[in-house]
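S.K.: Sequence:
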Amino acid sequence: MTFNQITLKNLRQNIKHYGMFLFSLLLSIVIYYSFTTLKYSHSINNSNSAEFLKKGASIGSTTLFIIIIVFLMYANHLFVKRRTKEFALFQLIGLSRGNILRMLSLEQFMIFIVTGIVGVIIGIFGSQLALNIAMKLMKLKTHIAIGFEPKALGITVIMLVIAFLLILIQNALFLKRRSILTMMKDSTKTEATKARITIPEVIGGILGIAMIVFGYYMAMEMFTTFKNLMMVTPFIVIFLTVVGAYLFFRSSVSLIFKTAKRAKNGRVSITDVVSTSSIMHRMKKNAMSLTIIAVISAITVTILCFAAITQSQTNYTMESMTPQDFNISESNHAEKFEDKLHKAHIPFEKKVTETINPKNVKDEVMTMGDDTHVANTSTLAANSKLKGNEAKLTNIKSMPSIVQIHNNKEITVKGKEKKTVKVTQIDKDKVYPLNVSYDAPVVEVSPEIYNAVKTDDNILRNDGFNLKHHSDMKKAEKLGMKIDPSIISKETMKKQLDASNGVFIFVTSFLGLAFLIAAGCIIYIKQVDETEDESDNFKILRRIGFTSSDMAKGLVLKILFNFGLPLVVPLLHAFFAAKTFMHIMGNVTMKPVFTVMIIYTLVYLVFAIIAFVHSNRVIKKSI
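Numbered according to the working numbering, the sequence shown spans residues 1467 to 2089.
Keep in mind that a hint or two might mislead.
Below, simulated EDC-like cross-link-like pairs (lysine to aspartate or glutamate); rule was C-alpha separation at most 16 Å, straight line [to be verified]:
1. K1888 x E1830
2. K2087 x D1950
3. K1858 x D1895
Pairwise CB distance ranges, derived in the manner of DEER restraints [said to hold, decoys possible]:
4. S1778 x V2034: 23 to 29 Å
5. D1895 x S2015: 57 to 63 Å
6. D1922 x K2057: 42 to 48 Å
7. T1664 x G2030: 22 to 28 Å
8. I1672 x R1563: 43 to 49 Å
9. L2071 x V1827: 54 to 60 Å
10. N1694 x K1825: 22 to 28 Å
11. T1958 x G2030: 44 to 50 Å
FYI, nobody ran anything at the bench for these hints, they're computed from the structure.
Built from N, CA and C at the ideal position, the CB exists for glycine as well.
Build out the structure end to end from the sequences listed, making use of the hints.
M.R.: So, in structure tokens, the structure goes:
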């Protein structure tokens, strides 16, 4: 029997052990090929696409590339670790480490070839189906087509080659660093843990929680207390939350478990045996992997929250950009358009919105945290219902939360004349066109004050046209585009905005889904690996009287820990990241954020249930 024949026979015998690795590899190929196809598809990569969208797809592709490489190397590490006894026996019968590495490389090469072909085929035919489902769920009207892209195939092959080479190096280092005796005992080796609470453990536990809390505080106070450090604050926050999460998993959890154990006064339950003890023995080793999972999950939820917030802002954006069917900022174009509508016998209503931008002398109404002026100019509009120096603050839906509003305070502006008004009312619902407000707050004043401040060089004007019959929309749009290509209807602009947002939301959702699957699979593989490593322990527990249902109870708590902590920590990270983002975005509802978190938790729960079912089956087989 030749060496290759031995390799093939060994591959067939170990195919069940390869199941987890095969699934990880196949999933990675499908996800990466689909996303890369999206990156190179004409729907994204064309001249009409926003530049940030193209860059976002490229960054997403690079990030996904790194995540998948790390994911595959992690899955391979667990797979190889499970075969240490087999490798030790091979050495005992005379095979060298080089021969074992060659055998392992041939096995994995064949697996890479087969899964690569299958993964690309699934990616070609399955991506469009997944896309259609996603488009319907998100109710997006834009058209995105996914087909075969040679560039995507080439990049996917490069990813597989790099992953394969790194896995070869990983396998070589694994075999080189372990003796025969080490490999025989590798699966049973555990960490030595001290029953007593140590001072370094207390310091690390408290420090971990303190770093996370302070990181959240810095994120919330980024634009006020820490505004002088605004350029470095995001990096400080990332450092505090990531390092804090690591210390939390390594020391804080251990500290909590030991404290709870001491409170029981030596009483040991099946829960302690199956869950707590196992977790404690692996805590130091698992701290880094749990931190990585938490970071990946935090990035995932943050990306999805950002996409959800962006989508929720679409209606307000449309209301601000195009309050009427047609909105024209240049007066000469508006006059020509009005004349053409009359000549074409298209009935309409005209609404003129005018504002001015005088210089700020004093502003007590809108200030930052240190009472400084928000802007050098104010946007004023006339309101015939106001008298004297009365004023009303409007158009504040998108105003950043870092700007503080003070009612019953004065604003002094200087135009043709210097005038002081007092804001006595605040209207949070009224929206002014974007081209006369620049999405900034608008102060409505009496016509007398408005005309006294008004000058020829500080006027902004919007001529809005509402057609009485929707059937005239296309005809009117053709007339407008003859005057200027930028004169398009509200309907057309909404389609363009939906298309842009649709592509953006799909890209971010796809990337978020990929990260979610990667994080879920890593934890799932980790849980299954731990359960199979502990199969001998379950046999011992069964012999001393514990039933499978008893062990299942302990297993539930262990899975809650393995899946729960890497879920709660990133959800908190994402929540505070979303809150910080809303300080910039303005008065945005938190509903989309909570929706994303709930959906993410439910999908995450599916992985936990699958892990429990599989682990419970392993326990029953072992006893």
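S.K.: Hint by hint, note whether the structure agrees.
M.R.: Right, here's what the structure says about each hint:
A C-alpha spacing of about 9 Å is found between K1888 and E1830, which places the hinted pair at or below 16 Å, so the restraint holds. Among the hinted pairs, K2087 with D1950 is inconsistent with the structure: their alpha-carbon atoms are about 75 Å apart, more than 16 Å. For the hint pairing K1858 with D1895, the CA-to-CA distance comes to about 12 Å; that is within 16 Å, so the pair holds. For the pair S1778 and V2034, the supplied restraint of 23 to 29 Å holds, since their beta-carbon distance comes to about 25 Å.
Under the hint 57 to 63 Å, the C-beta atoms of D1895 and S2015, about 58 Å apart, fit the expected range. In this structure, D1922 and K2057 meet the distance hint of 42 to 48 Å, their C-beta atoms being roughly 45 Å apart. Between T1664 and G2030 the beta carbon distance is about 25 Å. The supplied range of 22 to 28 Å therefore holds. The hinted window of 43 to 49 Å between I1672 and R1563 holds, with their beta carbons roughly 45 Å apart.
About 58 Å separates the C-beta atoms of L2071 and V1827, a value consistent with the hinted range of 54 to 60 Å. In this structure the supplied range 22 to 28 Å holds for N1694 paired with K1825, their Cβ-Cβ distance being about 27 Å. For the pair T1958 and G2030, the supplied restraint of 44 to 50 Å holds, since their beta-carbon distance comes to about 48 Å.
The structure does not agree with numbered hint 2 stated previously, though it agrees with all others.
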